[in-house]
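Given the sequences, and given the hints that come with them, work out the whole structure.
There are 4 protein chains.
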Amino acid sequence: MKMHSFANDYSEGAHPKVLELMMKSNLEQNEGYGLDRHSERARELIRQWIDRPDADIHFIPGGTQTNLLVISSFLRPHQCVVAADTGHINVHETGAVEATGHKVVNVPGVDGKLTPEHIQGVIDTHESEHMVKPKMIYISNSSELGSIYTKSELQAIREICLKNNLLLYMDGARIGTALTCSANDLSIEEIARYVDVFYIGGTKNGALLGEALVLCKEELKEDFRYLMKQRAAMPAKGFILGMQFEALMQDGLYLSLAAHANAMAEKVSDIFREKGYDFYAEPCTNQVFPIVPNEMAERLVRNFGCLDLIRVDDNNTCVRFVTSWATPQSSIDELRSFFL
Amino acid sequence: MKMHSFANDYSEGAHPKVLELMMKSNLEQNEGYGLDRHSERARELIRQWIDRPDADIHFIPGGTQTNLLVISSFLRPHQCVVAADTGHINVHETGAVEATGHKVVNVPGVDGKLTPEHIQGVIDTHESEHMVKPKMIYISNSSELGSIYTKSELQAIREICLKNNLLLYMDGARIGTALTCSANDLSIEEIARYVDVFYIGGTKNGALLGEALVLCKEELKEDFRYLMKQRAAMPAKGFILGMQFEALMQDGLYLSLAAHANAMAEKVSDIFREKGYDFYAEPCTNQVFPIVPNEMAERLVRNFGCLDLIRVDDNNTCVRFVTSWATPQSSIDELRSFFL
Amino acid sequence: MKMHSFANDYSEGAHPKVLELMMKSNLEQNEGYGLDRHSERARELIRQWIDRPDADIHFIPGGTQTNLLVISSFLRPHQCVVAADTGHINVHETGAVEATGHKVVNVPGVDGKLTPEHIQGVIDTHESEHMVKPKMIYISNSSELGSIYTKSELQAIREICLKNNLLLYMDGARIGTALTCSANDLSIEEIARYVDVFYIGGTKNGALLGEALVLCKEELKEDFRYLMKQRAAMPAKGFILGMQFEALMQDGLYLSLAAHANAMAEKVSDIFREKGYDFYAEPCTNQVFPIVPNEMAERLVRNFGCLDLIRVDDNNTCVRFVTSWATPQSSIDELRSFFL
Amino acid sequence: MKMHSFANDYSEGAHPKVLELMMKSNLEQNEGYGLDRHSERARELIRQWIDRPDADIHFIPGGTQTNLLVISSFLRPHQCVVAADTGHINVHETGAVEATGHKVVNVPGVDGKLTPEHIQGVIDTHESEHMVKPKMIYISNSSELGSIYTKSELQAIREICLKNNLLLYMDGARIGTALTCSANDLSIEEIARYVDVFYIGGTKNGALLGEALVLCKEELKEDFRYLMKQRAAMPAKGFILGMQFEALMQDGLYLSLAAHANAMAEKVSDIFREKGYDFYAEPCTNQVFPIVPNEMAERLVRNFGCLDLIRVDDNNTCVRFVTSWATPQSSIDELRSFFL
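Residue numbers (numbering that gives the first Met the number 0), protein chains in the order written: chain A, 0 to 339; chain B, 0 to 339; chain C, 0 to 339; chain D, 0 to 339.
Heads up, a few of these hints could be off.
You can't tell identical chains apart in this list, so a pair holds if it fits in one copy or across any two.
[As the list claims (entries may be wrong)] Distance condition first, Cα-Cα at most 20 Å in a straight line; then the derived SDA-like pairs of lysine to any residue: (1) Lys-162 - Ala-280; (2) Lys-134 - Asn-293; (3) Lys-162 - Asp-222; (4) Lys-23 - Glu-39; (5) Lys-134 - Phe-223; (6) Lys-132 - Phe-223; (7) Lys-266 - Cys-317; (8) Lys-134 - Arg-40; (9) Lys-1 - Leu-26; (10) Lys-266 - Phe-338; (11) Lys-134 - Asn-163; (12) Lys-274 - Leu-252; (13) Lys-266 - Tyr-279; (14) Lys-1 - Ser-24; (15) Lys-216 - Gln-28; (16) Lys-23 - Arg-51; (17) Lys-162 - Gln-328; (18) Lys-274 - Asn-315.
Treat the hints as calculated values from the structure; they're not laboratory data.
See below:
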């Protein structure tokens, strides 16, 4: 019997309500390139939610594309972006950022997060024209290790950015799970005030594909659609993305989907905790990183499709379980059975 | 009353059969990044159709993205691509190709098409290391002016490519309308033998989004998925694209949609021909370019959303009508009424 | 007997006075990267000459490098540079500008020069985000066809730039020959007020290598040395460039060398004029383009190394003669003997 | 009194014999772009010296330019170069390599050198298409910390490169000091057989500027001059570079200059050793890294222009002394006096 896969949070299609709206509007004629009424409505709903009526919002097909677009659009050629070593742009995008001409300067993250100390360290060691110039800070929330930024952590990073004229960019591929995590003390309105640019991930939270990029800072807005088009990030049928966010932004659907993912993840971590296993990073959002004996790791990978992340020591391996809006209760039961 | 828009062939969503398959498979768990069974099945169907069991096939979200990916993947830094001046990559992609580092050398097209003479001209005038080196020929079929390449024209271009060690790339955003055009004498199997790489457009022929890129030449296949990832052309939910092509490739759906678009276009051109108007390019596929008095052009733009292409002389303007799989008979009636 | 070569204006080393200063200072210890006293003195002399005490001046090893550096430093990714089709950046730099990500939009030049009408044409046809956005105008003075910009021509271009928020960049590889041409009515001070950035060419006017780039516009100055370093345009021994311009800027050496080149060119054109030959472009500076019978063209190429530029018609060819500061009177005698 | 500066090895002009040849040939007419007889002769002398009659040799103005040219010419877009964290390309070139689109993957160096273990580590952790693909190994000899590769070390790196289809590139900005170092057991002929591409540095060993790039591997040769031109690395007066290498390659001048630099460095290190100071890296070539009390470091920087490299602990600082072909005995005396 095929078990549920915990490989990632993009194994299924879209939430039924998203598909429903797409079906209903399918034969309408819409303006191309994101200039349609659905995209406009979705933008309006997002602006209200984040309480930034002045924000520019663009819908981009995917996360790597959003990252490379944001970074290459706002940096001059000699400027770099700073990320944690675990940051998605640093390792898992096949050099997409460098392919646009910019160095990613990385520092060791703390549970996948950047700290003001690390940022200051980069500033201190990049003081001459023989080195790239730090201009943008990249953080992901929730991070690649499932951790989240607290309000005071984000404020501290914002301060160092303001002081050093750095742009602050939050990769929100999993921002829903950050916002609905029990440990979270940051509201979306605060995020939208503290960062210069961020995105609200759709692909990993109920959409077929699509990310809502939010430009909070006035200077970043000029000519952005030119840059989207150049990076192939302005699909002809932009309304496909607009419709999905229109659906996700109604009746709290977006957050409720993320909350479900977190709830399922908690059940996963409970199982491992009960069995006495430690975690590579403290469970918090929809990614869980139990450390288990090598042999068990192999079986978990085989049965549940989870990722074999890292050999922690000679005998133990950290594996990754990811839950999503689509994770059913039955998958938890299957996992529980695994230990019987 | 709102009239049907002839602005383009990407105003509606997907053909119902495409949506149906997506709905049915929506809650399945699929491998990410195009490694799923739907994508695999779609690849198999395409390989059979084009009679190239050896071809590598990749699904890419959009046309501009496919173009920049293909060109930047197969050229060394000093090599250029040659296109007709009307070629999509030359004007309408905001410098997406140049942003990857390559010059687009353009020559005047004949009805939107490249000729062997033009290609030879570029070869002859690029003979030293102080100039870029021609390495790829870009043609679109059907072209941006609605014209198509005949078998002998394509063979002649292929010959000059072989002789000069040039790669031949066909942009098939509208390949369906080329294949189903009454004047066409080229089969898909022949195209897949004559060109080195081409794509079968989904966005403009029944899909929500997506293009099927076909790598026919062995040397082009190596590491291509790395390049896709780097250019953000490998969506997490690749199965979304795979499912759509799976549906389009069944029961001749793809060609029947294109044939409908052509049939509707013929009705459009008949109307203008009957009224005695000339065409900027001889009507052939799903784009029609009547030349009408300026005042009438304005009204057509206003009523039917068609594009005001070019002022032909002081009194006359060429406008563009585009039909698609979704163009209803009622739109033809509306256009006919316009002239009453 | 080997004849003098009129192939180009970079066949010899440096003017003796330049070498003399280099010899004299050879064993001094100087700061690296252009921060030395010679570079500083040369900058001061240039600022006085051009009457722009506020200008930033940087010494760059070569012309192609200066062009790619200027264009890539001041444009955002979606912006393009506009040049005449004969512009050096358009054809003769192996796509160096495109390799930094920017399209060169070219228009037919008039005698190698851009006109306000052509610039307006580009502005008019690049009005949407689906096309690159014009941001910089590239002109060369003297041009690749030896012609020069008059004061009113340059003012007209400046006006259209101001009106459309375009940067005006003058490639001054041969600016000396423009300034000392008998038809010239532009002073260096005026050029330095009308353009935003230009360079004073050393390589083709007395130096071993090196161009003095002048940033006139305040906004262009920030972080420029970072950009130089990144494009490998900040040589370790920058003082080598500084010393050469220090020598060239003393006692009117720079202009006197260019005046010599022009005087020699006039003698070349006199010879052809006397013989009744026409010119491809009216002789003006140090490049002369006589149109001669094909057979004679072949012999001129063989004997004088001049460039076989273009077949004008079935029977006639345009060849290029270039003179320089180093062209001796004897070369004129040789050419005259050719016709005996 | 102004003391001698030990800041770097590019504070003076060229060795007198180099200048002499340039003076003598100054008014000759030479072919442009490196196609002249001096460059040809210099190439021949280098081919004989390194015993690679089949090598292609190109003269490039500077080291950063050579690095970015080599890396961008031989990698496909998704491929990366691997370097020690101290590697020049990693920190001190303002992202010049990334500006051509390629990631520099760095690993901790051992005394500034890469080890096979580190290279294997990179290979092991870059195993999927979501990450860049290692394709080139960058090593510098002597390294940025003055160390050199032994024969067995270089052979081991070559083996891992062969096994993994990686290109091996040696940055030879200071190759002379490596070859003439007393600890060296590698001949230039061996280097030219073990690496795929390397350069013989002129700027830091007797030339005004210029590096001789040696392409040893057949596949790397095609179209290389196109790539040089595109990266602005093919100066119009290429003969300036050719002449300098012609002089350096005669009568063993190149190695004797490097031997002098090493001898002077040994005297510097002797002084510090006698005083009981340790070194950050074991002295070997022309860079010496004594660790001294902070207060003394400040005075050394002030008096001798040496670089304040790194704060080793609360009380001690590592400073860098660099010697060259031009370092006079008197400078050693001055340094000795400092300690009196």
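Each hint, compared with the structure:
Neither within a single protomer nor between protomers do Lys-162 and Ala-280 lie at most 20 Å apart by alpha-carbon distance, with minima of 31 Å and 37 Å respectively. When the C-alpha separation of Lys-134 and Asn-293 is checked against a cutoff of 20 Å, the pair qualifies neither within a copy, at 42 Å, nor between copies, at 32 Å. Proximity of Lys-162 and Asp-222 under a CA criterion of 20 Å is satisfied inter-copy only: 18 Å between copies versus 27 Å inside one chain copy. Taking the shortest alpha-carbon separations for Lys-23 and Glu-39, only the intra-copy value of 17 Å comes in at or below 20 Å, while the best inter-copy value is 29 Å.
Proximity of Lys-134 to Phe-223 under the C-alpha cut-off of 20 Å is found in both arrangements, the shortest distances being 18 Å within a copy and 15 Å between copies. In this assembly of identical chains, Lys-132 and Phe-223 lie within 20 Å of each other by CA distance solely across copies; the values are 12 Å between and 23 Å within a copy. In this assembly of identical chains, Lys-266 and Cys-317 lie within 20 Å of each other by CA distance solely inside one copy; the values are 18 Å within and 54 Å between copies. Taking identical chains as interchangeable, the C-alpha atoms of Lys-134 and Arg-40 are never at most 20 Å apart, the minima being 33 Å within one chain and 33 Å between chains.
Taking identical chains as interchangeable, the C-alpha atoms of Lys-1 and Leu-26 lie at most 20 Å apart only when they sit on different chains, with a minimum of 15 Å there against 37 Å within one chain. Proximity of Lys-266 to Phe-338 under the C-alpha cut-off of 20 Å is restricted to the intra-copy arrangement: shortest distance 14 Å within a copy versus 67 Å between copies. Proximity of Lys-134 to Asn-163 under the C-alpha cut-off of 20 Å is restricted to the intra-copy arrangement: shortest distance 8 Å within a copy versus 29 Å between copies. Taking identical chains as interchangeable, the C-alpha atoms of Lys-274 and Leu-252 are never at most 20 Å apart, the minima being 34 Å within one chain and 54 Å between chains.
In this homomeric assembly, Lys-266 and Tyr-279 come within 20 Å of each other (Cα to Cα) only inside a single copy, at 17 Å, whereas the closest approach across copies is 52 Å. Only between protomers do Lys-1 and Ser-24 lie at most 20 Å apart by alpha-carbon distance; the minimum there is 16 Å, versus 35 Å within a single protomer. In this assembly of identical chains, the alpha carbons of Lys-216 and Gln-28 never lie at most 20 Å apart, being 33 Å within a copy and 39 Å across copies at closest. Taking identical chains as interchangeable, the C-alpha atoms of Lys-23 and Arg-51 are never at most 20 Å apart, the minima being 29 Å within one chain and 38 Å between chains.
In this homomeric assembly, Lys-162 and Gln-328 never come within 20 Å of each other (Cα to Cα): the closest approach is 48 Å inside a single copy and 48 Å across copies. Proximity of Lys-274 and Asn-315 under a CA criterion of 20 Å is satisfied intra-copy only: 15 Å inside one chain copy versus 51 Å between copies.
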